[in-house]
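**Student:** Take a look at the letters that make up each chain.
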Amino acid sequence: MLFNSLSFAFFFVIVTLLYYIFPHKNRWFLLLAASCYFYMAFVPIYILILAFTIVIDYLAGIFIEKAKGKQKKLFLIISLVANIGVLAIFKYYNFINDNIGVLAQALNLHNNVPYLKILLPIGLSFHTFQAMSYTIEIYRGNQKAERHFGVYSLYVMFYPQLVAGPIERPQNILPQMHAKHEFSYYNLVEGLKQMAWGFFKKLVVADRLSIYVDTVFPNPELHNGSTVAISAVFFAIQIYCDFSGYSDIAIGCARTLGFELMTNFKIPYYAKSISEFWSKWHISLSTWFRDYLYIPLGGNRVGKQRHYLNLFIVFIVSGLWHGASWNFIIWGFLHGVYQVLALILKPLFTKFETHLNQAALSFWFFVKGLGVFCLVTFAWIFFRAHTIHDAFLMIKNLKSFGEKPFLGNGVNQFGHCLIAIVLLLTIEYFMAFKPQVKLFSHPNSLIRWSAVLTLLFIILIFGVFNGGQFIYFQF
Amino acid sequence: MLNNNAILFFKKFAIFIVVVFAIDWLIGLGLQKLYFSLNEGQFAETTKALDKAAPDILVFGSSRAQHHYSSRILSQKLGLSIYNAGRDGQFLPYYCAVQDVILQRKTPKIIILDVNIWELGPNEQKYMKLAQLLPYVSEHPVLRKYTAEISEFENLKLISKTYPYNSTLLISIYDHVFKNNEPIDDRGYTALTGRVSETMFKKYSAEKALYDKKRATQNIMIDKHAINYYRQFLQKTKDLNIKTYVVISPTILKEPNTEEKSLLPAIAKKYSNVTFLDYAVDSTYNNHFKLFADEFHLNEIGAQKFSKSLAELIKKDL
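Residue numbers (the working numbering), protein chains in the order written: chain H, 1 to 475; chain P, 476 to 793.
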């Protein structure tokens, strides 16, 4: 079930109403049943995969807590193998097989291992990572094992964040699953407003830009440098609005039920450095990798070269997390390169910045911000292109930058794209630099209502209502 | 259970809903006026096709129909009235919807259906683009079955008066403010000025060769739903005994005979009232880039040449 569908609107209203009507002790059951229904609206049979990992991790959690010494580690390994095994089969099997095939061909050998004709279960990487964080935290002694099987199942399946995050930690969400949430006018209203903001990003910006992007990326051989540059910028904005829009709807939706999910995006394209970008982009995944991969590898408390290697490992794994394709690996590798370069250049930049006055410093930060956006956008080309060949073709086509670009369906399409971007940048500018304005939570009710109504009618007049899939569902 | 906090919420929410519907009605009314007061542009042409057109010859298709079939030449040569209902970026579901509406009003003598070679290929947009019909649903309820294809519960969304005019504001304002510089024909046809240069043609030829090579290796899924629409369109012309021409109009390069393309004549052959004409392999037009305004469309000179030749052919059948 997609957030941007009328089916979800009915589902949301019914579940929220029932939630507050149900007595507290039965609410877990309502939310679990609703989450199962929500998930089964995609491919019903895949609920069995979720059930498998839920049972394994639930038992593993209890055994890890009870066990001592090596046994503790053994149960953790069983849990991790089960989770990563499911990921490996459904997400990486064909990719690995493909690459073995290429290697075998190069060695004049035959690879007779068959391909699996299976669809990737929706949001698999998200709920698998959330499940893994549960057993790891119990192993580390930061979390007690959940004894209530229904509540644990809900921890993995809570419908607002089930298919595209935020990837929660047990310490934050499990206590909330047990707590009694009284009806709160404030939470409900603020939750609905955050959902509206998410719908704006998804329907007005992301889905509008996708019309242009989806025309250019599949056929790079037909487009010149100007068109490639525009489509890359459009995709950078599209993926931000698509994913952060989803997160806003998920967080808002959970808030209407009294749950507080972690912030997943903090206006990342206003970042002035690549490390700042990653502290503001998909925060729940970045912190997951930091806590469970980067720090265990030694983080930055190792020699310089090992530190750089750790960064490369994290970003390449992050690329692979997104998808089983060389495109994503290159995307991750590029971000690894950016991180290392940023570390190398940091002393130089810091020294340079001490010589600048306030005005020059502001301009310098603007240039740095623009540079970060360009680097991130360049990497997105690999992320979005169908094949590596397509990505390189697009980059090659950039040499004809300056030729008349493809403007889609003229005023209607391109004009709407520009309006969407201007609206987004304006509102986010206020959010980032003038937070005191608080249009949607202004103390004056007339201003507050007008702001919310304006947002709703902008969605209705300029939104794209074709039920476009969220990009991150495929991960 | 519900407490005072909840009662306050529901009270305010009820007020909010009333305000939303009131504003929706007002904005919808404004957008409706803006939309239906247009005299030129694609919205005005759609209104003419759906609300007024009742000619002897009807042309259906996408932008290639709109720019390739000169109403003046066809009308003069055949001595019959004509309307060109071709619309930019549209596909078979749209042609069927417009055919349904116009044929309720008048049965034409001749129908020309211009089809693209990728008409039966996969493209979700062909159903999304039926949203262009939303402003007309209240006047022509027959369109509901087509608009239902856009998304689940699509017709339920029409409870909003603003929603049918979604994404129309910008172009409505544009068409009111800026006048069309292209030659105007009030019978739907729009001539394209400009000409493909030799450099552009060479570049496009190279790009197209790459594209065809890639597409030849892809497993193109045939859209069975689109085939049903194609059959529905042709069946309707057969039921009403309308002489029908299904035409792939001229293309700048010779088009390969893909499965999706070869299905077009194969299906048309089953209808005795239908003549299928393929100009995508006609050397009179292929590679003659001076007859084209861009990679996909004939310019005015090309359209005149094509329309004359088509009129001669139809005349022989009359």
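Hints should not be assumed to be uniformly reliable.
Stated by the list, open to error - Partial pick of chain H residues on the chain P-facing surface, computed with a CB cut under 10 Å:
| # | residue |
| --- | --- |
| 1 | S5 |
| 2 | F10 |
| 3 | I14 |
| 4 | L18 |
| 5 | Y20 |
| 6 | E65 |
| 7 | Q171 |
| 8 | N412 |
| 9 | G415 |
| 10 | H416 |
| 11 | L423 |
| 12 | K438 |
| 13 | L439 |
| 14 | H442 |
| 15 | L453 |
| 16 | F465 |
Hints listed in this document are in silico derivations from the structure and should not be mistaken for laboratory results.
From the three backbone atoms N, C-alpha and C, an ideal C-beta is built for every residue, glycine too.
**Student:** Work down the list of hints and note, for each, if the structure agrees.
**Tutor:** Tested hints:
1. S5: holds (6 Å)
2. F10: With Cβ-Cβ at 9 Å, under 10 Å, it holds.
3. I14: Cβ of H:I14 sits 15 Å from chain P, so the hint is violated.
4. L18: violated (12 Å)
5. Y20: holds (7 Å)
6. E65: violated (37 Å)
7. Q171: violated (29 Å)
8. N412: The hint holds - H:N412 has a Cβ within 10 Å of chain P, the shortest such distance being about 5 Å.
9. G415: holds (5 Å)
10. H416: holds (6 Å)
11. L423: Violated, about 13 Å.
12. K438: violated (19 Å)
13. L439: At 17 Å from the nearest chain P Cβ, H:L439 fails the 10 Å test, so the hint is violated.
14. H442: violated (16 Å)
15. L453: holds (6 Å)
16. F465: holds (6 Å)
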